[in-house]
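S.K.: Each chain, letter by letter, is given below.
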Amino acid sequence: MEQSNDGNLAQVQHVVLVLSGKGGVGKSTITTELALALRHAGKKVGILDVDLCGPSIPRMLSMGRPDVHQCDSGWVPVYTDAQKSLALMSIGFLLEDPDEAVVWRGPKKTALIGQFVSDVAWGELDVLLVDTPPGTSDEHLAVLENLKKHRVDGAVLVTTPQAVSTGDVRREITFCKKTGVPILGIIENMSGFVCPHCSECSNIFSKGGGEELAKLTGSVFLGSVPLDPLLSGSIEEGKDFLQSFPNSATFSAISSISQTLLNSLQTA
Amino acid sequence: FSHLVNSLSNVRHIYSRSQCYFDTWPRAGGGYTTDAKIGGSVKPSSYDIYCPGTTSEQAGKSASCQGCPNQTLCASGATKAPDPAIAEIAEKLSTVKHKILVLSGKGGVGKSTFSAHLAHALASDSTKEVALLDVDICGPSIPRIMGIEGEQVHQSGSGWSPVYVDDNLAVMSIGLLLSSPDDAVIWRGPKKNGMIKQFLRDVDWGDLDYLVVDTPPGTSDEHLSIVQYLSSTHVDGAIIITTPQEVSLQDVRKEIRFCKKVKLPIIGVVENMSGFVCPKCKNTSQIFPPTTGGAEQMCADLNLPLLGKVPLDPRIARSCDEGKSFLSEVPDSPAAEVYRRIVQSIQDYCSNHVTEQQSTT
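Chains as they are written, first to last, in the working numbering: chain A, -16 to 251; chain B, 329 to 689.
Errors might be hidden in some of the hints.
[To be verified] Examples of chain B residues toward chain A, derived with CB under 10 Å:
| hint | residue |
| --- | --- |
| 1 | CYS379 |
| 2 | GLY438 |
| 3 | THR620 |
[Unchecked claim] Coverage of chain A stretches by chain B, computed from C-beta distances (three or more under 8 Å per stretch; other residues unrestricted):
| hint | segment |
| --- | --- |
| 4 | -2 to 12 |
| 5 | 39 to 47 |
| 6 | 148 to 154 |
| 7 | 175 to 185 |
To be clear, the hints were calculated from the coordinates, so they are not data collected in a lab. None of the values given here were measured: they were computed from a predicted structure. For glycine and all other residues, C-beta sits at the position ideal for the given N, C-alpha and C.
All chains should be modelled from the sequences, with the hints used to inform the complete structure.
M.R.: Right under this line is the structure:
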């Protein structure tokens, strides 16, 4: 019975949640880019997408719509590459029709997440990133409840700079405190846009909110990722941004964030 | 009256209890099963992905009920009796002429920004009574966008009084019931549903021309509840908000499926964050590129009206942060112009709708 306690997560070194109270701030984009950055750093990475009503990760990694298979130890995640260095599980793989709406109330979402956490045969992983929907509700509680037996290293919070967004993220911080999830740091996304025509930087969604929030709440500020059409374009087409644009400022922002994150995971 | 007092004190009580978040729903066991076969595909071939609804004939019996912790309860038939609240809500909202839902499968596309500005624009006609209801229970942004953060809901003999931004513009949101901006509403579905029911039944809305309902992203409890609770009233329809990228459209298509499924008419689609005009060189950049043709292509494919495309303008985000109406702050901007046209077509839709209804009755 010992084994079933930790089950399929026994060989997973670190579990990191990607959270935000606000929708559309780039949780899935950041999750995808962090996973790619960690893989570039030679790590084995898994992504668990628990956004059941709006799963975005399969498209961002251009995984298509493969079937999920089952082995003796559970569901086999879908790998992006032959080396099996990046594994993904998402409800996107379980739907017959990609436009199908998953119209589920809480209890059902909770049940599927329970299965996602306990029944996916992740195998050996350095880091498992859990991408979540916005809010502080069923999905979040279900993930934490099901991960209780396993150690969760902590959460990365994603925000955009405006007050409307940091306001929702403050609520997410309260959620982390109440549920005892350590906050590994805050990432500010969509942080200023450099016009490709004249290089003027516009702060479309204001500026500095993430760093301010980190100060206010005594959290680590992991860095800011600029609003970069090359990044949103890569995400759209499911291309590896880090491989395509290694000289961009966005690239260095993302790799420095993933390095800081990795260091904090390894020293913890 | 006493049940209102109780319900409000209950709300406050819930917020102060820090241990409330694990006790509300039975833990899901490992019972969720698909018809997976060892070594085969788990993709459910025939199994219906929908919850049939707790009041349907199929409740607790359909294939999709397998493993749901509520299956036994639903199968027992206890949930099939119609919720008496639905009739109470119909009575309460009988003096509301038009009801508009603002929906999107995707988060952060501008649902709240749009809802707020729609409400402002509708209320700019001082002969119209407008109310804005925020059913985003876990991420209420409306109080800040409307500039009433920190204000409190009061109570009268006829129910909770909404907060008035203007003489003819009322707002209700869970954000107005919280004591601090840091308060997290860590609620599972049933509690969120209860709150939405109270918003519709126990708020003293008065006579209204328009009730605009802002929703959270997704197709889950809040959406099913609002549609269900409004099922005995007439809802004009839904406005669907999207941004131009496929990553957003793929979620929005799901929301459109949801509307079809629950027979909610779609008034039209608004594309937000549609191109950015550099304030310095005036060139346009596609920050969120419409790689699959944007909302325009989707509307053509699904035969839906595209109400307009609102460009990205940093002044919109700033107005929202400051709780001001962008339409009165920068009335001559291209974005404000688009907003006004969209609002006009929504008003036209609503009034045509009434004529149609009257002519059929």
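S.K.: The structure should be examined with respect to each hint, and the outcome stated for every one.
M.R.: Evaluated hints:
no.	hint	verdict
1	CYS379	holds, 5 Å
2	GLY438	holds, 8 Å
3	THR620	holds, 8 Å
4	-2 to 12	holds (count 6)
5	39 to 47	holds (count 3)
6	148 to 154	holds (count 5)
7	175 to 185	holds (count 7)
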